[in-house]
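So the protein sequences, as listed, match chains Z and P.
Letter by letter, the first sequence follows residues 1 to 238 of our numbering.
Letter by letter, the second sequence follows residues 1 to 238 of our numbering.
Check before you lean on any hint, since a few could be wrong.
Because identical chains share one entry, a pair is satisfied inside a single copy or across any pair of copies.
As the list claims (entries may be wrong) - Here are the computed lysine-lysine pairs in the DSS-like style, where the Cα-Cα straight-line distance is at most 30 Å:
1. 4 / 174
2. 87 / 134
3. 68 / 134
4. 160 / 64
5. 175 / 125
6. 34 / 68
7. 184 / 82
8. 160 / 83
9. 184 / 4
10. 119 / 174
11. 174 / 235
12. 172 / 72
13. 174 / 83
No lab work stands behind these hints, which were simulated from the structure alone.
As a plain string of letters, each chain reads:
There are 2 protein chains.
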Amino acid sequence: MEIKTYKSSFDYSYTLGAFPTIELLRHQKDKVIKVLIHSTFTNQNVLDEIYNLIPNNLIEYNDKLINKLSDKENVYIVGIFKKYTSKLNPTEDHILMDNPSNMGNVGTIMRSSLGFEIKNFGITKPGVDYFNPKVIRASMGAIFSLNIETFDSIDDYSNKYNKHTQYKFMLKAKKSLRECSFDKDLVTLVFGNEATGIADKYLDDNALIIRHSNNIDSLNVTNAVSIALYEYHEKRSK
Amino acid sequence: MEIKTYKSSFDYSYTLGAFPTIELLRHQKDKVIKVLIHSTFTNQNVLDEIYNLIPNNLIEYNDKLINKLSDKENVYIVGIFKKYTSKLNPTEDHILMDNPSNMGNVGTIMRSSLGFEIKNFGITKPGVDYFNPKVIRASMGAIFSLNIETFDSIDDYSNKYNKHTQYKFMLKAKKSLRECSFDKDLVTLVFGNEATGIADKYLDDNALIIRHSNNIDSLNVTNAVSIALYEYHEKRSK
Numbered sequence: 001m002e003i004k005t006y007k008s009s010f011d012y013s014y015t016l017g018a019f020p021t022i023e024l025l026r027h028q029k030d031k032v033i034k035v036l037i038h039s040t041f042t043n044q045n046v047l048d049e050i051y052n053l054i055p056n057n058l059i060e061y062n063d064k065l066i067n068k069l070s071d072k073e074n075v076y077i078v079g080i081f082k083k084y085t086s087k088l089n090p091t092e093d094h095i096l097m098d099n100p101s102n103m104g105n106v107g108t109i110m111r112s113s114l115g116f117e118i119k120n121f122g123i124t125k126p127g128v129d130y131f132n133p134k135v136i137r138a139s140m141g142a143i144f145s146l147n148i149e150t151f152d153s154i155d156d157y158s159n160k161y162n163k164h165t166q167y168k169f170m171l172k173a174k175k176s177l178r179e180c181s182f183d184k185d186l187v188t189l190v191f192g193n194e195a196t197g198i199a200d201k202y203l204d205d206n207a208l209i210i211r212h213s214n215n216i217d218s219l220n221v222t223n224a225v226s227i228a229l230y231e232y233h234e235k236r237s238k
Numbered sequence: 001m002e003i004k005t006y007k008s009s010f011d012y013s014y015t016l017g018a019f020p021t022i023e024l025l026r027h028q029k030d031k032v033i034k035v036l037i038h039s040t041f042t043n044q045n046v047l048d049e050i051y052n053l054i055p056n057n058l059i060e061y062n063d064k065l066i067n068k069l070s071d072k073e074n075v076y077i078v079g080i081f082k083k084y085t086s087k088l089n090p091t092e093d094h095i096l097m098d099n100p101s102n103m104g105n106v107g108t109i110m111r112s113s114l115g116f117e118i119k120n121f122g123i124t125k126p127g128v129d130y131f132n133p134k135v136i137r138a139s140m141g142a143i144f145s146l147n148i149e150t151f152d153s154i155d156d157y158s159n160k161y162n163k164h165t166q167y168k169f170m171l172k173a174k175k176s177l178r179e180c181s182f183d184k185d186l187v188t189l190v191f192g193n194e195a196t197g198i199a200d201k202y203l204d205d206n207a208l209i210i211r212h213s214n215n216i217d218s219l220n221v222t223n224a225v226s227i228a229l230y231e232y233h234e235k236r237s238k
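Chain Z with its partners taken away, still in its complex shape:
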């Protein structure tokens, strides 16, 4: 099989760099097509872990292909894997991103989500192509520990997971994040698109706002999500 520079239509994608590649091998080993190692790479710990995790016949030294896929960046390890689908776990808490458009943001939020123990990550369409190597890289491989499911809309999600209490983060919300106890059985944190937020029609009594001064219009979306996840985690892990 010939490996080409990523397009969203491909049925495979790849990790760029040792860190996300190791996460791929640890958590989605059976999806691995091939691991590429650059001939100048000498970190023995990383090499040992790669050789321990997957069969030798999946490991290839191929400087030319690494250079092609990594587009001038300093990358010495690449993991090529078959894309896969997953479903959210209906008995655990969720995060839902409504049509997120920035790949770096989505990856960074995946990392925070895993850090604050929400392992189920919903995305409404069109949203980003979450297996784009840029998302994977920004997630530092956290993506391989998450269940990810896409939905046509927030309503589509609500129909499929109707036992979860949704907390939508909206600038028009009356209740502040700090006041919320997150004491429901099942919780979903919902965040809007970077530019447009969540549509007004979804405003309800559970909607939350992160209190800040009016010196700024709004917080950066990845920061807002991380603050919400932090508060959620402090209250749920008690």
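Given chain Z, work out where chain P should sit, using these hints.
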């Protein structure tokens, strides 16, 4: 005076885009050298505000110069200003970034800092050139509402502002952010470099850690700072 593409040695810098330019005019009007407007720009509210805020003779329609400075991005308003220095206010709380290296991170953190009402922003050297247009843009103009002062080191800062209680964010800290009451008269939040963190020798009883699962190594630095600022703001604004 001939305006060139930014270099850190220049005694001027510039804002790219309407939003940060308006912030410049609102908060640092006397530093403005010139505002450039693109001939295709037609947002009347923005034009009115610009003409209200600064004298007409500082306003120039110059598509060619805008294109040169903005490097292919869609920019229609540019504000050129004389760089200035400021000092931290000794009677207010501070944030101190130890040698931050990423311009986008510093700008984003400036925006969060202003949002959570810390208006005094210290940076230890070498650190980034905080007047680089990339920092200004990531800050969305928040930079013009902050006092910014640079220091040779954390020790240099501590000598100059010895009445502040420093809370250093370190992965080796014993105390969690959530336990900290921030009940001192004057508070400084201190964050390390993205790659290296704060040196171990600074570890003390006030050092703080943001609790998260061990599924991830660490949080992204701008997210960590925003979480700390949020918790600080919730406790200090009571």
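Which hint numbers doesn't this structure obey?
1, 4, 7, 9, 12, 13
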